[in-house]
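Asks: So the chains spell out like this:
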Amino acid sequence: MNKQKVYWSKNLKYIGVLMSIWFVVSFGCGILLKDFLNNYQLGGFKLGFWFAQQGAIYVFVLLIFIYVLLMNRLDKDFELEE
Amino acid sequence: MDIQTWTYIIVGLTFTLYIGIAIWTRVGTTKGFYVAGGGVSPLANGMATAADWMSAASFISMAGLISFMGYDGSVYLMGWTGGYVLLALLLAPYLRKFGKFTVPDFIGDRYYSNYARSVAVICALFVSFTYVAGQMRGVGVVFSRFLEVDINLGVILGTGIVFFYAVMGGMKGITYTQVAQYCVLIFAFMVPAIFISIMMTGNPIPQLGFGDQLSDGTYLLDKLDGLHAELGFAAYTDGSKSLIDVFFITAALMVGTAGLPHVIVRFFTVPKVKDARISAGYALVFIAILYTTAPAISAFARTNLIETIHNKPYDKLPSWVINWKKTGLIEFKDKNRDGIVQYLGDLSKNEVKIDKDIIVLANPEIAKLPNWVIALVAAGGLAAALSTAAGLLLVISTSVAHDIIKKQWKPNISEKEELMWARISAGGAVIIAAYFGINPPDYVAATVALAFGLAAASFFPAIVLGVFFKRMNKEGAISGMIAGLLFTIFYILKFKFGLLGGGNQNDWWFGISPEGIGTLGMLINLFTALVIMKFTPPPPNEVQKIVENIRIPEKID
Chain G
29 MNKQKVYWSK NLKYIGVLMS IWFVVSFGCG ILLKDFLNNY QLGGFKLGFW FAQQGAIYVF
89 VLLIFIYVLL MNRLDKDFEL EE
Chain S
126 MDIQTWTYII VGLTFTLYIG IAIWTRVGTT KGFYVAGGGV SPLANGMATA ADWMSAASFI
186 SMAGLISFMG YDGSVYLMGW TGGYVLLALL LAPYLRKFGK FTVPDFIGDR YYSNYARSVA
246 VICALFVSFT YVAGQMRGVG VVFSRFLEVD INLGVILGTG IVFFYAVMGG MKGITYTQVA
306 QYCVLIFAFM VPAIFISIMM TGNPIPQLGF GDQLSDGTYL LDKLDGLHAE LGFAAYTDGS
366 KSLIDVFFIT AALMVGTAGL PHVIVRFFTV PKVKDARISA GYALVFIAIL YTTAPAISAF
426 ARTNLIETIH NKPYDKLPSW VINWKKTGLI EFKDKNRDGI VQYLGDLSKN EVKIDKDIIV
486 LANPEIAKLP NWVIALVAAG GLAAALSTAA GLLLVISTSV AHDIIKKQWK PNISEKEELM
546 WARISAGGAV IIAAYFGINP PDYVAATVAL AFGLAAASFF PAIVLGVFFK RMNKEGAISG
606 MIAGLLFTIF YILKFKFGLL GGGNQNDWWF GISPEGIGTL GMLINLFTAL VIMKFTPPPP
666 NEVQKIVENI RIPEKID
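Each protein sequence line maps, in turn, to chains G and S.
Quick note on the working numbering: the first sequence kicks off at 29 and runs consecutively.
Quick note on the working numbering: the second sequence kicks off at 126 and runs consecutively.
Don't read these hints as lab results, they were simulated from the structure.
Please note that the accuracy of each hint is not assured.
Example chain G residues on the side facing chain S (calculated, C-beta under 10 Å, incomplete) [what the hints assert, rightly or not]: (1) L40; (2) I43; (3) L46; (4) M47; (5) V53; (6) I59; (7) N66; (8) Q69; (9) L70; (10) Q81; (11) Q82; (12) F88; (13) Y95; (14) M99; (15) N100.
Here a beta-carbon is modelled for each residue, glycine too, at the ideal position from N, C-alpha and C.
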């Protein structure tokens, strides 16, 4: 029972961190901070525009794979592999 | 060979493939019909999810839409991909562990109430029918444009194919045809994109060409912003929607995506919890290939379009413009009679009307690609529309056969009878969808806002609360869903359909458009649910056990 609680709270911690990044790259860099970031260039892109139309999506993909790795490791540590 | 012959050949080949798969994947059990026996590999499920998710609108219309919206189009790009992070982290693994067949199954069991189940069934049916009507129409449109057959005949042909593999193979048939359809559609989308990128920037990767220099040494996007300023359009990289509206629409699309039943059920088809997580990752990779290419096509096509038509004499327009003029997708009117085309932001002087769909459909001709590539785009558009339609039809058939007939009306029917009902309802749903494809209600486009709004305001909060708040009870969840739904429906009816007093942009609450209101609906749902929960008894012990159980992956079955 206790073990379950530890597992769950670790999972919540991972989710919390990853969802914060999710929020920052999309709603943050792509929307709220867009005008500010547009002062910087990334090649031919204005940075804020790049986050909104490219960057956020790449980070989304990465976030899911990081979560998969973290959870697979956690499942192994807690011997919860199916 | 001419375009039409190529189109008949390529579309014919892909349709034969889909039928072949249907015969190979016949099913004989309800588990096979509803969730493909739960034995789909995560990679195949990722591909199927991508095809399931990317509809005729994503394939044909999105790049064009962004082309005319510039930065504002980002709401679709982030909104329709960011939802997968929510799915992978907050929904898919737990719903897989729960291990039933449908979303209303989860809502009904978790909130120990057939009333909650009914609310969920009604939402699922509404969302799916709304969506499927648009897909069947898309099939008809592709047929009529590329094969010059009547739109209605096109709808009937598409219906016939979906009917065959959905009714025979259920989820199993749908899954493996979707895998094939993904391959067709992504190939068809990428080939013209790569050629256009090379043509304009010399870079074969559209995502990089997007930020690259044109042959005259200026960056594509700077050039485009310059052209926009010259012609009196809002800057391409800036857009014209308000910040709060962009924020709310993006959030509503993300949350709505994560709450769409035809996407969620795909995660019931993989064997393990861990597969559900990774297949959400694969799905997003497959989706991201198209979603990061689309805005590049938008910018290429926009620049190309302006340079091809603006300030050019009417009698010297390139042949693709003449060809597409026949379809009515591009229209000219020489207002000042100077014999030269003016394409301007100022509506009183602008002489060109362009339909957004032309951006993807005419792309291969603009890039002077061979005829077989044009035929491929037709097959891709059909694959996108058919795969989404099939996924939605399955949700409708499961909702009727499983959630209504088996769970509420006739709990004692045998598996064979349930399977028969599932097939009958799939067949019935296909026919209704075809009817709406032939007689599209003129508010189809508007109802998409409603579909996302409803998914955002109902399913998403109910499921997340059900997993993450053990204390959440039926009183809280049901009142939350009803409050969120009523609010969202009210707002969309008022501001999108002009009912209940109507109103225009200036009357929007907090400047939020009907497309973005689902976000507020979701917040209202969460708030109502949490408040009501405080004043009502906790859920029974066995329900709390279910919650503890779905949080831990352990063995299933």
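Asks: Looking back at the numbered hints, which does the structure fail to meet, lowest number first?
Replies: none
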